[in-house]
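2 protein chains.
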Amino acid sequence: MDNTVLLDRISTDRLQDLAQQLRVDSVRATAAANSGHPTSSMSAADLMAVLLARHFRYDFTDPHAAGNDHLIFSKGHASPLLYAMYRAAGAIDDAELLSYRSRGSRLEGHPTPRVPWVDVATGSLGLGLPVGVGLALTGRYLDRLPYRTWVLCGDSELAEGSVWEAFEHAACHELDNLTVVVDVNRLGQRGPTRHGWDTAAYARRIGAFGWHTIEIDGHDVTEIDRAYTEAAGTAGQPTVILARTHKGRGVAAVEDQQGAHGKPLPDPDQAIRELGGRGSPGWRSSRPRSGSGRTRSGLARCTCGADVVVLDGEVSDSTRTQCFADEHPERFFEFYIAEQQMTAAALGMQARGWTPYLATFGAFLTRAYDFLRMAAVGRASVRVAGTHAGVSIGQDGPSQMALEDLAAFQAIHGSTVLYPCDANQTARLTAALADRRGVSYLRLTRGATPVIYEEGGEFPVGGSRVLRPSTDDQVTIAAAGITVHEALLAASQLTARGVSARVIDLYSVKPIDAATLRQAARDTGRIITVEDHWAEGGLGDAVLEVFADGTDEILPIVRTLAVREMPGSASPEDQLADAGIDARAITSAALTLARA
Amino acid sequence: MDNTVLLDRISTDRLQDLAQQLRVDSVRATAAANSGHPTSSMSAADLMAVLLARHFRYDFTDPHAAGNDHLIFSKGHASPLLYAMYRAAGAIDDAELLSYRSRGSRLEGHPTPRVPWVDVATGSLGLGLPVGVGLALTGRYLDRLPYRTWVLCGDSELAEGSVWEAFEHAACHELDNLTVVVDVNRLGQRGPTRHGWDTAAYARRIGAFGWHTIEIDGHDVTEIDRAYTEAAGTAGQPTVILARTHKGRGVAAVEDQQGAHGKPLPDPDQAIRELGGRGSPGWRSSRPRSGSGRTRSGLARCTCGADVVVLDGEVSDSTRTQCFADEHPERFFEFYIAEQQMTAAALGMQARGWTPYLATFGAFLTRAYDFLRMAAVGRASVRVAGTHAGVSIGQDGPSQMALEDLAAFQAIHGSTVLYPCDANQTARLTAALADRRGVSYLRLTRGATPVIYEEGGEFPVGGSRVLRPSTDDQVTIAAAGITVHEALLAASQLTARGVSARVIDLYSVKPIDAATLRQAARDTGRIITVEDHWAEGGLGDAVLEVFADGTDEILPIVRTLAVREMPGSASPEDQLADAGIDARAITSAALTLARA
Chain A
783 MDNTVLLDRI STDRLQDLAQ QLRVDSVRAT AAANSGHPTS SMSAADLMAV
833 LLARHFRYDF TDPHAAGNDH LIFSKGHASP LLYAMYRAAG AIDDAELLSY
883 RSRGSRLEGH PTPRVPWVDV ATGSLGLGLP VGVGLALTGR YLDRLPYRTW
933 VLCGDSELAE GSVWEAFEHA ACHELDNLTV VVDVNRLGQR GPTRHGWDTA
983 AYARRIGAFG WHTIEIDGHD VTEIDRAYTE AAGTAGQPTV ILARTHKGRG
1033 VAAVEDQQGA HGKPLPDPDQ AIRELGGRGS PGWRSSRPRS GSGRTRSGLA
1083 RCTCGADVVV LDGEVSDSTR TQCFADEHPE RFFEFYIAEQ QMTAAALGMQ
1133 ARGWTPYLAT FGAFLTRAYD FLRMAAVGRA SVRVAGTHAG VSIGQDGPSQ
1183 MALEDLAAFQ AIHGSTVLYP CDANQTARLT AALADRRGVS YLRLTRGATP
1233 VIYEEGGEFP VGGSRVLRPS TDDQVTIAAA GITVHEALLA ASQLTARGVS
1283 ARVIDLYSVK PIDAATLRQA ARDTGRIITV EDHWAEGGLG DAVLEVFADG
1333 TDEILPIVRT LAVREMPGSA SPEDQLADAG IDARAITSAA LTLARA
Chain B
783 MDNTVLLDRI STDRLQDLAQ QLRVDSVRAT AAANSGHPTS SMSAADLMAV
833 LLARHFRYDF TDPHAAGNDH LIFSKGHASP LLYAMYRAAG AIDDAELLSY
883 RSRGSRLEGH PTPRVPWVDV ATGSLGLGLP VGVGLALTGR YLDRLPYRTW
933 VLCGDSELAE GSVWEAFEHA ACHELDNLTV VVDVNRLGQR GPTRHGWDTA
983 AYARRIGAFG WHTIEIDGHD VTEIDRAYTE AAGTAGQPTV ILARTHKGRG
1033 VAAVEDQQGA HGKPLPDPDQ AIRELGGRGS PGWRSSRPRS GSGRTRSGLA
1083 RCTCGADVVV LDGEVSDSTR TQCFADEHPE RFFEFYIAEQ QMTAAALGMQ
1133 ARGWTPYLAT FGAFLTRAYD FLRMAAVGRA SVRVAGTHAG VSIGQDGPSQ
1183 MALEDLAAFQ AIHGSTVLYP CDANQTARLT AALADRRGVS YLRLTRGATP
1233 VIYEEGGEFP VGGSRVLRPS TDDQVTIAAA GITVHEALLA ASQLTARGVS
1283 ARVIDLYSVK PIDAATLRQA ARDTGRIITV EDHWAEGGLG DAVLEVFADG
1333 TDEILPIVRT LAVREMPGSA SPEDQLADAG IDARAITSAA LTLARA
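Protein sequence lines, in the order shown, are assigned to chains A and B. Counting from 783, one number per residue, gives the positions in the first sequence under the working numbering. Counting from 783, one number per residue, gives the positions in the second sequence under the working numbering.
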């Protein structure tokens, strides 16, 4: 039996009933939690009811089915509506619905993939739409499956630049498998949005980017249904449905009222009565779309990297991802200078089981820091390569230098931070990230560095390499990346001065090799850390943290060398010298420390 | 003598000569430096020649003149062109031009305010335009002066979401004092841009946002001149001039060629001959615009905060900046959910001597991290308040929690990071930031906390408050913000268990009160740090760094308590308990440590 035929039989009345039921459950969940965003849920209830009943192809019993559609709540604060949909579909029971926002519940204040039907965490506005673009790209170019991606946006979040990166990218790729529904309820958190109910203002803008636009009354289920059908039937263009709605729709006390954002309704029982009382759930799961794509099972990991996808931010010549593009054009994606869209696309791709690596200058990853933070909230696995780290890039000056990247990436929950110092180590660590869960960061140096390691050497994540160890070492120099070479030079200079120095290559900044550092503390009592990064949050802090769990009996004297003044333009060598992180500076610090 | 009359006499030939001179000097500067972006400069030379000669009102001998126009090179890599303009205007001499990118030169690879004619550092694409919006807002609404703001953008950077935040904001504020010139040279760093020379594609998009658009041949000085005149004469709308140009214009070896980005020309001498040889500079400075605005001098700082401006990211009800808006609507700016534009606007405002404070949820400041990093590169002074810090926000869940903000802001060069724990302290520290240079961050808690300090108390930046000190203290608890209250509770619990604990309120996380911490190390030998932040880059690391300059004779045993698992939704109290940063956890850690 074809699903479409079945769904045609659903009457308008039943759609309206379903919408009211979603509203009631949004009210109930937020009342039970005594927090949350019922009014932001109620405005979009009709939109989601029609989607769930008639257009969303999804088997809730099998969230990983390849043909399942994808639904992203970019307005993540409307999570009560999403969870109400799950209840209506029978995916969760009433007791779980009412556990909303309580300790231990997977129904968090904003959706996360702790719930199996959620692809990515949302709640930072402006993120869901570019992730949707990533899923639509995945469907079209990687999975090659006919699933559709649906994104529910708020109107407020259209002020975020990230959504315009997404509008541009989706239209240029003619992603007609993507439909964005904007719940234009005209009220943001603190008051009216800039454009209010002027959906034409949005349509002009989004239309100019090449989207098909439809403006509707977002509470008229017939108009909504027609819009979805039109969206699905539009070829060569993504569609945005701009739906005029009322925040808090259906309950007079809050409908279209300011000051009702992010609060449970004042009188939930009255509200439920006003909405027609508690309905009973029972929307059954529809079937995924069928199609013969490149499903995950068809791409076994044993085919060695066949699920690796590379994303570029218009610097593939500098980052050298062009080599991958030449060999695997079908798995290379150019995002131009749009780091947020690039990162969000990686989130979408990994949600479908692909293994994305994205690369740009490390400095410009700061543009996507929110999305990387949210990647961790969403338990996503993405691999990020940041090139042009530190002052050693030389003449281009500080705007192009990643000097805060170690701090930023270490502060992402569950992250891995690697910082190789030569080509062979880089190759191995790059490969190692494929199997790494969470957000991984590979910090890369711009210039050519000497090759000090054997090809194919082992560099386990969480390990280190101890160079020049000796039992009578008087001082340890802990370095990574470009400073490893300076440290080796310093160690030679120190030998000439009668000081024996151990050098540790801490290529794994997080997790760090605590055992080796503790051994060094015992052996030498003195550790100098040296890094091409600001003094805050980098390698030095990572080393200090090893000795800060209150258990160590031997605390080493530590001296951290790092960049402490704003650099200008200069040669790489001069930059390292001026920052006090070159061999000479290390030698000087080591002599002082060794004699202390 | 009216300047306009004078300029009308300049012949087309002389404009072309000036343009060629700018090209020649761009080639010479990059050849001398053996690095830089001559081709990106050459494409825009005609555009900038006509601007400099005929439309830009600026007294190079008095860069702080209130009536000066503002010119922002959003494509900061075209700095050779900017410096060539300075030479043409007689602001720098030839020797300085040729110091480009050399050690110590203020003519860095990308412009910074080390050069007095530069308002803000650029070089991270997508930043200059929103800063230009900030300057135009300042001219219109704060300074109330007739100066114009001109922004030179590259075409590649129109892929950045931040520029669309700017297009939206500028049009909605009808900033007809803003003109954006897009150098559509069709070639990005790695190859063709998405839209190539299709200026109509850009015009449709930007026009839909409400801008006046003009498409021209960017090498035709007559068309350029006419476009500037049209822009200046357009009322109620900002204007974008979309200029089709050739990258590397004027030198056959590189003109419109791929692979010529960011490199000195292969044969500079030949190129200079091809461009007509070295001209001689001698463009004299034009006069600033005159007008009676609210100039800086009219707003003496003694009028107590009269230069304070508050910027909101659509959360003024939560951050409580609404109070300021109610009292000073003329100095309150709503940016809706567009953190990049909000931050960039602050950069523009401070460049004109205003004292901007911007506020939103701390978590969402990650959206503007690149701009905050660039603020430091540009020696800008902006004050940032981030609310809803840490797990203690409770039910909303991790997407709304600032848990990496201490790391991110500490890693901004020259930053100040403050974290008050009660209302009186917050008031004093907020006021203290007005006089603070650089990027300042005020971390704020969502919930109500007990008031423990006297009204009007002194809380110097770089200081701390020692609570419950005693000569026989056995352990020190270093806390800030919400954990101060947990620490005080723990200290009471510890007293009951026979352990005397000193509590230090480290409200100044950066700079930190090293002397007080060293005293605590001497007195107690044991320090517990406790923070509502990830373990990386926060308060704990800041404390550890105090003892990492290699000089300390007494190293304390340190134990860092911080958030180490991804939180979900729960009550604030449960969140603190689950993260192991509540009074009970502190007490337990202190007992262990005190007995170690």
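Because the hints were derived from the structure by calculation, they are not lab data. Any given hint could be a false lead.
Copies of the same chain look alike in the list, so a pair counts if it works inside one copy or between any two.
Claimed, not checked - Dumping the calculated SDA-like pairs for lysine to any residue here, alpha-carbon to alpha-carbon at most 25 Å:
no. : residue 1 : residue 2
1   : Lys1045   : Val897
2   : Lys1045   : Asp1108
3   : Lys1045   : Ala1035
4   : Lys1045   : Thr1333
5   : Lys1045   : Ala1296
Status of the hints after comparison with the structure:
1. In the homo-oligomer, the alpha carbons of lysine 1045 and valine 897 lie at most 25 Å apart inside one protomer (23 Å), although the nearest pairing across protomers, at 50 Å, exceeds that limit.
2. Taking identical chains as interchangeable, the C-alpha atoms of lysine 1045 and aspartate 1108 lie at most 25 Å apart only when they sit on different chains, with a minimum of 23 Å there against 53 Å within one chain.
3. With identical chains, the CA atoms of lysine 1045 and alanine 1035 are at most 25 Å apart within one copy only, with a shortest distance of 13 Å there and 65 Å across copies.
4. Taking the shortest alpha-carbon separations for lysine 1045 and threonine 1333, neither the intra-copy value of 46 Å nor the inter-copy value of 54 Å comes in at or below 25 Å.
5. Taking identical chains as interchangeable, the C-alpha atoms of lysine 1045 and alanine 1296 are never at most 25 Å apart, the minima being 46 Å within one chain and 43 Å between chains.
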